[in-house]
Amino acid sequence: MSEKIKKASRHVNQNEGLIFEKSSPGKRAFELPPLDVPAAEASKALGSHYRKEGVEGFPEVSEIEVLRHFTRLSSWNHAIDLGMYPLGSCTMKYNPRVNEFVARLEGIATEHPYQPQELSQGCLKILRLLEKCLLEITGMDAITLQPAAGAQGELTGLLLIRAYLQKQGNPRKKVLIPDSAHGTNPATAVIAGYEVENIKSESHGQVDVEGLRRLVTEDVAALMITNPSTLGIFEQRLPEIAEILHAKGALLYMDGANMNALAGITRPGDLGVDVMHLNLHKTFSTPHGGGGPGAGPVAMKKILEPFRPVPILVEKENGRLALEPVRPDSIGRVKAFSSNFGVLVRALAYILAYGPGVRQATEDAVLNANYIRKHLEGVYDLPYSLPSMHEVVFSDAIQKKNGVNTMDIAKRLIDYGFHPYTTAFPLIVPGALMIEPTESESREECDLFIDAMKSIAEEAATQPEIVKTAPHTTRVRRLDEVGAARKPVLRWKPAAPRSTAAD
Amino acid sequence: MRYLPKSPVERQEMLAAIGKNSIDELFSSIPEKYRLREALKIPGPYSEAEVIQYFKERATENAAGYTSFLGAGVYNHLRSVVTDAIIQRGEFLTSYTPYQAEISQGTLQAIFEFQTLMCQLTGQDVANASMYDGSTATTEAVLMAERLTGRRRVLVARSVHPEYRDVLKTYAKNSGLRIEEIPFTKNGTVDAKALQSTLTDDVAAVVAQSPNFFGVIETYAPLAETAHAAGAMFVVAIAEGVSLGLLRPPAEADVVAMEAQSFGLPPSYGGPFAGVIAAREKYVRQMPGRLAGQTTDSEGRRGFVLTLATREQHIRREKATSNICTNQALCALAATVHLTLLGKQGLREMAEQNSSKAQFALEELLKVPGVRRTFDAPFFNEFTVELPRSVKIVNSHLLREKIVGPLALGTPYPELTKHGLVCVTETTPRTEIERFAGAVKRALEQPV
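Protein sequences appear in the order of chains R and S. Just so we're aligned: 306 in my numbering is position 306 of the first sequence, and the numbers increase by one with no gaps anywhere. Just so we're aligned: 382 in my numbering is position 382 of the second sequence, and the numbers increase by one with no gaps anywhere.
Please note: incorrect hints may appear among the correct ones.
In silico DSSO-like cross-links for lysine-lysine, where the CA-CA straight-line distance does not exceed 27 Å [to be verified]:
{"id": "1", "chain 1": "R", "residue 1": "Lys301", "chain 2": "S", "residue 2": "Lys41"}
{"id": "2", "chain 1": "S", "residue 1": "Lys20", "chain 2": "R", "residue 2": "Lys374"}
{"id": "3", "chain 1": "S", "residue 1": "Lys173", "chain 2": "R", "residue 2": "Lys174"}
Reference excerpt, derived from the structure (chain R facing chain S, CB under 8 Å, subset only) [claimed, not checked]:
{"id": "4", "residue": "Tyr50"}
{"id": "5", "residue": "Val102"}
{"id": "6", "residue": "Glu136"}
{"id": "7", "residue": "Ile331"}
In short, the hints are calculated from the structure, not lab data. Glycine included, C-beta positions come from ideal geometry on N, C-alpha and C.
The whole structure should be built from the sequences, with the hints applied where relevant.
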């Protein structure tokens, strides 16, 4: 192992097959208490619906085998708990364990969404307090906590805009989306029934305001903008952009994916934003869990409030809280059973731990990103030089000369003990390296990361092969993605029995 | 602040390294007049003990101590402590979507196992690695059928969960889909005659749920035949997955949309759960959401990657099959661990206990004078009963005996006022079922 690799060292991990390959008839990992009522004769009760045997192929293993199986699998993952996870735009910050604890409390995790509301006041108070906190942080007037993730929040937001415009007589045709946006933005606009018009960034990476002025017509329903942009740059002319839209009766949607740069510093509501979503699994620390669950609350200005998805949380005169199922102008329901409540619990636990100190987290996140930028500028090409907020985007232009691209550098970073940054996004930067350290990294961890990135840059110049063939230390090497897509194997199947004489 | 790993001196030194004098300079790109001058008005900072205290207080304001007979899409089942022990491992809990396959093999293999389990359960060929929940999975299944058939009309059974139908209507409103509802018969199943007469060659999908919202089990074959005869796809929604331990899988379906909450996820006041879409292999390229596939590395070892990503929004943008990005991965992992623990025998036995206990509960309730069964058709762990007076009034009496009674059906189904939906699972002790029946009897004896 190279002396330059300070963070990681070799370790053995266990091989482990698929759970189905360990199965053996008669083993079990779970026992039920004895049945305390007469056993019904299921074949009779269910008639033709009856399944004669247990589910074919289901595993039969013991408890220790289950525990070892998943523990071994877990050891093949990188995780925030192991070290820096600098995926740009993903905000991989510390996931406090107390949040997990409170979400599992008896009386919180155990509650049924249809139980009487007089027996749900605890849950409803949690929702109410979270609403108030998020409204204060965003500077908005009203909110819905229902959407299950950011993309569903985007859809909810656009449906609110559509309903509002429809109420005025014309839902309009187009949604404008900058070329630096997340893929969810255009995909969502289509589901909301809009055509997408992509708008180009100007040379500094900001929205081209003069160009925008020409594009905003009576056909435009909204502009969806990410702020800070996916370049990690604050849209300085956002209030002016809002005015341009409002002058033509269009609205400003803000993708709140990058709210970790703003919380406690400035408020989208004050900047002229009409509606936005928050990714609680980013800014508010609920665990990514390998890809969810998330939650995507949508905060809005007063004009959109009547259109919120039902049920609506309301305060009654006696101080009691209630979920109201019917509102005449509502866009309807976007998800069954009101919300990803357990995720909302975790987010509130996070906010309460910080209180107004959320600002300090934002400051540290921006400090870390700029510290890394300062040390890597020149070593890696910085295509946009405006001040960075919570993340910094480099390109592989320098390393490309030696045939080393952003994916190679990312894979090599694994050998140094780090998870890769986000590669090849945003699309407006060819060969992008998008780095978001978050506030959860100490100076020491940032320094180790900087050392690793510098060392890889040196390798790219002097021995590019080692970078291009990375990673070298993982249990599997680069995987054949083309083959995986060409002939998809998407499930395990038992080995075919040896062929016997034709029957 | 305990979550932030920097001392004041370190902050100063880092600022100096960047060449800034103050933190404020880092925010110079935000116009001065938009920067907050005052502290946010939110409670806190709370110590860990105070955070716990706050939520424990809220927990006491809920339904702890009550016995519930609610199901209707959210079920109480036994869960091994092993499941939580696994999903709280930091390597699973605090990892991202496994785009970097070499250091995400744990998540990827677990997803592959999840997909396999879902296929085995549903009798389908391929399953995705989760949607938000059963309601959005059902909606996405319909959108899939729309893309595959190029048709714009959808026939949905009224016996499909009312909230699933609501979500479908929200999504359909602006995509030009026309949603029409098919009534149910006297025994609570889809009205095949009504379906037949509404079904024309412009229908993309016929959607039924089984067990349906009333707990009644649908017969798939004739519905599938009717749908297919008109060139429509047959979509089956499953809200109670444990039923598949005892019931024939919906093998006749073209697409299955399932809620996986019953597999190791607590009710949690409505979420997070996990939706699944399973389908025939030939439809895989129109499926939404993530898929893990098996492949090999450059040295020939088995490994797993996210695959067929050209369906997804981060590649295809406005041409993607769905806008879904973050899904419910950790919930899907919980379901994987839970089903692995249960195994072939455990799932079977759990399903058998549900069936036996629900049968027992129905018999006990039918002993109460005036209580009648609404639908005379096979059911799994839920059934509907008609009471001689308002379900809401009966429930208010039951609450005094610390029982959360049947779900009143009058709001979603005006023709079913005085009817209630009762759910009993393996977690409901016999003594509570008997106490429930006794309490219903006492409630009905109260003067009006």
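Here's how the hints hold up against the structure:
1. R:Lys301 - S:Lys41: 19 Å, holds
2. S:Lys20 - R:Lys374: 11 Å, holds
3. S:Lys173 - R:Lys174: At roughly 17 Å apart (the allowed maximum being 27 Å), Lys174 (chain R) and Lys173 (chain S) satisfy the hint.
4. Tyr50: Interface hint status for Tyr50 (chain R): holds (7 Å vs cutoff 8 Å).
5. Val102: 4 Å, holds
6. Glu136: For Glu136 (chain R), the interface hint holds, since the closest Cβ of chain S sits about 5 Å away, which is under 8 Å.
7. Ile331: Cβ of Ile331 (chain R) sits 6 Å from chain S, so the hint holds.
Violated hints: none; the structure is consistent with every hint.
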